[in-house]
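As they're listed, the protein sequences go chains A, B and C. Just so you know, we're using my numbering here: the first sequence kicks off at 1 and counts up by one. Just so you know, we're using my numbering here: the second sequence kicks off at 1001 and counts up by one. Just so you know, we're using my numbering here: the third sequence kicks off at 2001 and counts up by one.
There may be inaccurate statements among the hints.
Unchecked claim - Residues from chain C shown here face chain B by an in silico Cβ test under 8 Å; the list is partial:
no.	residue
1	Asn2003
2	Phe2013
3	Phe2025
4	Thr2027
5	Gly2044
6	Phe2045
7	Thr2229
Unchecked claim - Lysine-lysine pairs mimicking DSSO-like chemistry, simulated, CA-CA at most 27 Å apart:
no.	chain 1	residue 1	chain 2	residue 2
8	B	Lys1187	C	Lys2069
9	C	Lys2225	C	Lys2147
10	C	Lys2063	B	Lys1166
11	B	Lys1189	C	Lys2069
12	C	Lys2052	C	Lys2063
13	B	Lys1187	C	Lys2147
14	B	Lys1189	C	Lys2147
Said to hold, decoys possible - Derived list of chain B stretches under chain C, where covered just means 3 residues or more per stretch with a C-beta under 8 Å from a C-beta of chain C:
no.	segment
15	1036–1042
16	1164–1171
17	1183–1193
Simulated from the structure, these hints should not be mistaken for lab results. Even for Gly, the Cβ is constructed at its ideal location relative to N, Cα and C.
Residues per chain, in single letters:
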Amino acid sequence: MPSPSSSATRNPFTEAETPAVGVALEHLVKDFGSHKVLKDVSFAVSPGEIFVLMGPSGSGKSVLLKQIVGLEAPTSGRVLVDGRDAIDPATREQVRMALVFQSGALFNSLSVYDNLALYPREHRVASEAAIREKVMRALQIISLEDTADKFPSELSGGMKKRVAIARALVMEPQLMLYDEPTSELDPVTSASISEIIATLREEYHVTTIVVSHDRDLALNIADCIGLLIGGELIFNGTPAELRASKDPVITDFLNPKIDLKNPRFKKLAT
Amino acid sequence: MKQITAILVGFGSTIQLLVRALSYTATLPRQWARFIEQCYLIGYTTLPIVAILSFFIGSVLALQAGYSMADFGAKEFIGTLVGLSMARELGPVMVAILVAGRVGSAIAAELASMKVYQEIDVLETMNIPPARMLVLPRLAAILVMMPVLAIIADLVGWYGGAIVAKYTHAIAIDPETYFAALRHFMKFKDVVNGLMKAEVFGFGVVLVSCNIGLNTSGGPREVGASVTKAVVVSLILILVADYFITDVLQQIFP
Amino acid sequence: MNNAQQTARVGLFFLLGLALVWVTFETLSDGKLFKDRGYTVVAGFDDLRQLKIGDEVRMAGVKIGSVEKTRLAGRRAEAVLRIDPDVQIAGDASATIVMSGLIGSNYIGIDLGTRGTAPLQPGAEIHTSVTPDINAIMTQLGNLGSKFDSALGTLGDSLKGKDGQPGLFQKLDTLVGENGSKITATMTNLQEVTAKLNKGEGTMGKLINDPKLHDDLLATVDEIKSAATQAKTFVADAQTIIDQVKSGKGPLGTLVFDETTANNLKATVKNVRDVSDKLARGEGTLGKLINDDSLYLSAQGTLKKADRALDGLDDTGPINALGTVAKSLF
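Bound conformation, chain A alone:
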């Protein structure tokens, strides 16, 4: 199992030091009206680590991601990214974070190339020639160089997710977050996405937080796994510890039995 040997590495794009950052959640609570989505969640992710947050649908995983990148303010508690409060707009200027959305969230009005080039162009980090080099390199990593001039509407779901990852990569992020990167994909494409995520961490030592309910992904690439059920973090440990757990809720989540004689929806009804 690879673990980060140092908290800093050389970035292949800028040849500059881009230290990976740590993330810490402290007693995070989020309500939507009377509906409590997150109930006192706390955990920490070390720099350069892959943390996979698992949990059933509707357990508040995506909401948690938005708290980490500062898109939504928590009701109470706080999120620290590299020691700074995530909701402070200045944090986003200091720490480069990239969030790969479930749908990819590519800019539909822009070509794949322009999608990738948007960040460096807007932030004027390089000349147009250098940007071109960067973008093509990122597309190469996800093996989609020939889609550069296509528009998002012409891409398949898996390609969109890979392009979204490439777009995040061009940002040279210190923190990468993936929201359900393998959902709605076939097993082979899912595996390829998992490989890409692991490889990126391997090469660039970027801190990675993945929200997923994909067991294969979690058990194969995670350094650390959190299990979020009903807005509460009921497990936080290594994949080996997770496998070894005897907690019935955890074993049922990992290896649910399909019991046709005694289906779950009937249990819930009674």
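Please arrange chains B and C on chain A, whose structure you already have, making use of the hints.
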């Protein structure tokens, strides 16, 4: 109470958006390409419908006024009536309504779908403020394009009126007489007055549409709701603002 | 579409807008980029009526400037006219306020003046003349009506007799008795006179409805004048008769029993009534004229002509003559 709160929240967020967008004014030169693209969409592609509509508004004005003014022997003044109404009121208001329907709805739809499909969130995480990239070029474009659309609407409306006045049997006023009457009672400031109104309306429509689009929440269904809301709010804004702007301009430039 | 093309179209579009604004500006402010072009002259009037700032100044129908200012100066009203710099106004040219519409648009008309006269200097005062106001014309027409009324009343009273005085018939009784044949001749004359007057009045009424007939009016006025002359002759004749009656010549009864004479008298009275009836109708037509806009343009010309005709009537009209006839009879 809830509705009042909603209206106040709408006002507040619109003002905030405006302030944020204006704080990025210095970035406008390097957003030149986006500005030109918006100018093209807002101005150039809106021209045909503006021309057609204002032609017929001018025509109808001349026709209606012609029949009634002929009854008391003042049909020589049709030019004055059409000219002043177009320049001071109908030109700016109709262009603004068209802009609300064509540009405002498009802006609201585009930004709302960007919001719903999380593109806005991506921009936020990329530290690219939507106010800078999406709102500012549109506001700048409408400021430049609105007077152009309004002056075209004025002139096309005048000519529409002139043609109807000449070829309608019961009116039969020569273009010379028509334009003499138009010129006789009109000052350039009447036209400027109208252009200023158009400017305010257009700016308001774009700002409101941007804000409503960016504040969409929920699924794709909400995109349609946001478009409707943007158009309705724009129309209300235009007609309410019209009253007050007219009043203020009348005081400032009597 | 590539970027350059889009930029070009937007640029073109914007330039089009600028051009249109400039054209509008030039048209509406007469290119008055330099505001005070030209020079001013002052025109003084008793009454500026509905003249207002911005109204045109025309010389022989051509626009040469506009009214810049209106003001009261002592006992008169002054209009300051801004005249285009390349236009010269002859020193003896005269300015009038001309009405170009019933609902109040006016302009100042300046005639060409005499050739070779020294032109007006900037700031100089221009001669003015007054054209009759439409209100004044209306008043005159109204007065005319009451004059007709009083004249006819006097004539009627004279015929019937009033306040215990012996009436015309009584007096004529004597008169005719004494001078049967002469009176018959005189009455025939009188009948002719009133018949002619009647015809004249008919033309007058028509005139107001039909501007084409205005030329006839002049002829009619002449006719009326000659009628008046005849009436004067009649007065002289009547005077003679009265003298004869007073000196007691001839029997009075003859007149009443003479059928020819009685018929002549009836015809005369009928003619006089017709005159007044038609006048009443004529006034109705005038009222209508003001409301009927299809006649409005021709009305102006017609009214001026009517005014001219009325001036004639006022001075030596047959109305006064008729009044004189009746009064001087007794």
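Against the structure, the hints:
1. Asn2003: Given a least distance of 6 Å, the restraint on Asn2003 (chain C) holds.
2. Phe2013: This hint holds: Phe2013 (chain C) lies near chain B, its Cβ roughly 5 Å from the closest one there, short of 8 Å.
3. Phe2025: holds, 5 Å
4. Thr2027: Since the shortest Cβ distance to chain B is 6 Å, the answer is holds.
5. Gly2044: Not OK, violated: Gly2044 (chain C) not within 8 Å of chain B, min 25 Å.
6. Phe2045: Because about 22 Å separates Phe2045 (chain C) from the closest Cβ in chain B, which is outside the 8 Å limit, the hint is violated.
7. Thr2229: violated, 43 Å
8. B:Lys1187 x C:Lys2069: holds, 17 Å
9. C:Lys2225 x C:Lys2147: Status holds; Cα separation ~17 Å.
10. C:Lys2063 x B:Lys1166: Answer holds: Lys2063 (chain C) to Lys1166 (chain B) is near 24 Å, not above 27 Å.
11. B:Lys1189 x C:Lys2069: Answer holds: Lys1189 (chain B) to Lys2069 (chain C) is near 20 Å, not above 27 Å.
12. C:Lys2052 x C:Lys2063: It holds: about 16 Å lies between the C-alpha atoms, which stays within 27 Å.
13. B:Lys1187 x C:Lys2147: Given that 27 Å is the threshold and the Cα spacing comes to 50 Å, the pair is violated.
14. B:Lys1189 x C:Lys2147: violated, 55 Å
15. 1036–1042: holds (count 4)
16. 1164–1171: Not satisfied, violated; 0 residues make the cut.
17. 1183–1193: Answer holds; 7 residues pass the 8 Å Cβ test.
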